[in-house]
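**Q** Take a look at the letters that make up each chain.
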Amino acid sequence: MNALVTEEKIPLAHDLASTSPRAEDGGRRLGFLLTLPAQILVLFIAVFPLLMQLYISLTDWSPLDGVSWWQAYGSWNSFANYTDLMGDTRFWNALGRTALVMAICVPAEFLLGLGLAILFMDDFAGKRVFYSIMLIPMMVVPAVAGYMFFMLFQSGGPINDILSTLTGQPITLAWLSNPTTAMIAVMIADIWQWTPLMFLILLAGLVGVPEDQVKAATLLGASWWQRFRTIVLPKMKTIIIIALAIRVIENFKIFDTLYIMTGGGPGVATETISVYIYKVTQNDLIWGYVAAIALVILIVLSIVVSLAISRMNRKEA
Amino acid sequence: MNRSIPFEIFRYAAILLALAVTLIPTLWMASMAFKPIAEWSATGGDLTWWPKAPTLDNFRFIFGTSTSDLIVALDRTAGKPILSSLLSAVFGTIIAMVCGTSAAYGLSRFGSGQNLPLALIQLRLFPPMAVMIPVMIMWAFFGLVDTWWGLALIYGIVTLPFAFWLMKTFFDDMPREIEDAALVEGCSRMRVFMKITLPMMRPALASSALFVFILNWSDYLIALLLTTREWVTIPVYMASLSSSMTGQLYGAKAALGLIAAVPPVIMGIAIQKHLVRGLTFGALKQ
Chain A
1 MNALVTEEKI
11 PLAHDLASTS
21 PRAEDGGRRL
31 GFLLTLPAQI
41 LVLFIAVFPL
51 LMQLYISLTD
61 WSPLDGVSWW
71 QAYGSWNSFA
81 NYTDLMGDTR
91 FWNALGRTAL
101 VMAICVPAEF
111 LLGLGLAILF
121 MDDFAGKRVF
131 YSIMLIPMMV
141 VPAVAGYMFF
151 MLFQSGGPIN
161 DILSTLTGQP
171 ITLAWLSNPT
181 TAMIAVMIAD
191 IWQWTPLMFL
201 ILLAGLVGVP
211 EDQVKAATLL
221 GASWWQRFRT
231 IVLPKMKTII
241 IIALAIRVIE
251 NFKIFDTLYI
261 MTGGGPGVAT
271 ETISVYIYKV
281 TQNDLIWGYV
291 AAIALVILIV
301 LSIVVSLAIS
311 RMNRKEA
Chain B
1 MNRSIPFEIF
11 RYAAILLALA
21 VTLIPTLWMA
31 SMAFKPIAEW
41 SATGGDLTWW
51 PKAPTLDNFR
61 FIFGTSTSDL
71 IVALDRTAGK
81 PILSSLLSAV
91 FGTIIAMVCG
101 TSAAYGLSRF
111 GSGQNLPLAL
121 IQLRLFPPMA
131 VMIPVMIMWA
141 FFGLVDTWWG
151 LALIYGIVTL
161 PFAFWLMKTF
171 FDDMPREIED
181 AALVEGCSRM
191 RVFMKITLPM
201 MRPALASSAL
211 FVFILNWSDY
221 LIALLLTTRE
231 WVTIPVYMAS
241 LSSSMTGQLY
251 GAKAALGLIA
261 AVPPVIMGIA
271 IQKHLVRGLT
281 FGALKQ
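These protein sequence lines are chains A and B, in that order.
full-length UniProt numbering applies: residue 1 is where the first sequence begins, and numbers increase by one.
full-length UniProt numbering applies: residue 1 is where the second sequence begins, and numbers increase by one.
Don't read these hints as lab results, they were simulated from the structure.
Treat the hints with care, since some could be wrong.
[What the hints assert, rightly or not] Stretch by stretch, here's where chain A covers chain B in the computed footprint (C-beta under 8 angstroms, at least three residues):
(1) 25–32
(2) 101–114
(3) 218–224
(4) 248–259
(5) 263–272
Values in this document were obtained by computation on a predicted structure and should not be read as measured data.
No residue lacks a Cβ here, since even glycine has one placed at the ideal position from N, Cα and C.
Using the sequences and the accompanying hints, generate a full structural model.
**A** Here it is, written out as structure tokens:
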């Protein structure tokens with residue numbers, strides 16, 4: 001992701017710094033002082049906590065043990081947490097559900113967002129107002145959005161009411177109490193909230209495509225689809241990757257709306273990875289095990305991300 | 001691209017459908033917030049789309065004024081959770097903006113802190129759930145659990161990447177001639193930053209701060225883990241508006257939800273010009 005970001009940017013800061021006279025003498029010192037608070041915060045939240053997490057993950061420590069975390073060696077269990085994790089079906093199921101939600105929501109958000117963005121490409125009456133309204137869902141506090149959809153999907157709620165009107169027969173489906181429909185409901189909520197983000201980013205990309213090239217192609221008799229496929233899409237490649245990457249990353253963390261709508265239920269039917277970790281943290285209180293899960297996720301994510309970045313860098317070169 | 005009559009009809013039809021889908025959930029909550037208890041659910045088979053007897057009872061209720069219909073006594077009102085949300089989001093924004101802006105300037109002008117861009121992206125990448133165990137232990141150690149200042153600190157750290165990246169792109173875009181001129185005039189670099197750069201950047205600072213504020217205000221998970229009672233924020237408090245005895249207090253929850261939802265929506269629309277830049281870490285400037 002970083003590779004993409006810097007690629008879009010004009011020269012990198014260190015290129016400028018080495019050529020600019022202001023980098024000499026006092027500049028370096030001030031630069032150091034200015035970046036110091038951020039560096040301290042990063043150290044405070046990244047390095048020390050990770051070491052602590054690694055240590056705790058090798059023990060059976062729980063806050064109920066009555067000993068401080070640094071005395072956790074009392075319940076040292078080597079790598080038992082990690083081997084337990086391998087056989088933890090609830091963990092693997094949660095991971096699978098997270099992947100399923102991602103596999104459905106992200107493409108749906110992308111396609112809907114792209115479709116809407118195409119409709120918003122040229123001017124028409126009411127465009128500015130419509131545009132602002134379109135953006136509302138992603139600004140609604142996710143927990144509140146979760147509550148909205150909780151109300152909408154009640155058996156006596158408006159969704160069933162609309163469906164009853166459309167089908168002509170009374171529908172009183174308890175969406176959130178049935179494993180399949182509960183999953184559909186949380187996905188609908190996610191798509192509702194985050195399609196606007198895709199729309200916003202993709203529209204920004206579409207507007208940025210040079211107009212003269214499109215006009216030239218039109219004059220040469222290219223159809224709308226030909227123009228879109230050969231001129232617009234290639235120019236949009238980076239933007240599409242950024243938009244998808246953002247949603248994939250954020251969707252992996254899915255918690256707020258889902259947890260408020262279903263609490264991961266019925267049973268564990270909508271339990272995603274964040275919900276699972278939350279429940280083990282808060283209800284079971286086996287923090288040694290949670291630390292192990294969290295660390296595994298962090299390591300796997302880091303590997304995936306660095307692979308993605310190096311792959312992209314290779315393609316750029 | 002296309003300008004035929006059927007296409008225009010299709011365009012408006014599609015957009016109106018999208019607008020309806022966009023607005024119905026929000027409007028349903030807004031309508032619910034003004035409904036008296038009798039209209040909350042469709043027990044009679046009739047669904048009330050628009051309050052027949054609009055009332056402010058739900059709002060009075062969550063602020064502790066007892067009303068005739070809602071005889072349940074709240075053990076605590078929504079006042080303090082709202083204050084908690086406000087204080088933690090505002091001070092979290094201040095921490096993120098002060099550290100982020102100065103670091104962005106240091107990197108953009110003097111090339112300091114080369115590790116920050118990637119480190120901060122990584123910070124954003126990981127699910128908060130996966131780093132919360134050490135954070136909970138540390139916060140407990142420093143006595144920061146269940147305080148608004150403890151929340152503000154973690155919010156400041158979590159949104160630091162956004163503040164940093166946003167301000168970095170703004171500083172990168174800013175012409176340096178004015179700063180150079182002031183330097184030649186004999187101003188110190190710190191003075192140039194404080195007296196010339198920052199005042200020029202006021203609009204950028206304002207939209208970045210609003211963006212960061214929206215993110216902080218929107219948090220649920222962190223507050224759920226780090227507050228227990230005294231300083232719970234709005235979304236955490238919301239769950240207490242239902243119990244096995246009373247069932248869901250739909251109207252009360254909707255009233256509180258409306259209070260929580262309105263500020264970020266207004267702010268977001270106000271800064272929509274910079275939303276793309278913020279959401280893509282400045283990769284797209286629009």
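**Q** Take the hints in turn and mark each one as holding or not.
**A** Taking the hints in turn, this is what the structure says about them:
Only residues whose beta carbon comes within less than 8 angstroms of a beta carbon in chain A count, and the segment 25–32 of chain B has 5; three or more means the coverage holds. With 12 residues carrying a beta carbon less than 8 angstroms from a beta carbon of chain A, the segment 101–114 of chain B meets the three-residue requirement, and the given coverage holds. For the segment 218–224 of chain B, the stated coverage by chain A is satisfied: 4 residues place a CB nearer than 8 angstroms to a CB of that chain, which reaches the threshold of 3. With 4 residues having a Cβ less than 8 angstroms from any Cβ of chain A, the segment 248–259 of chain B passes the three-residue criterion, so the hint holds.
For the segment 263–272 of chain B, the stated coverage by chain A holds: 6 residues have a C-beta nearer than 8 angstroms to a C-beta of that chain, and at least 3 were required.
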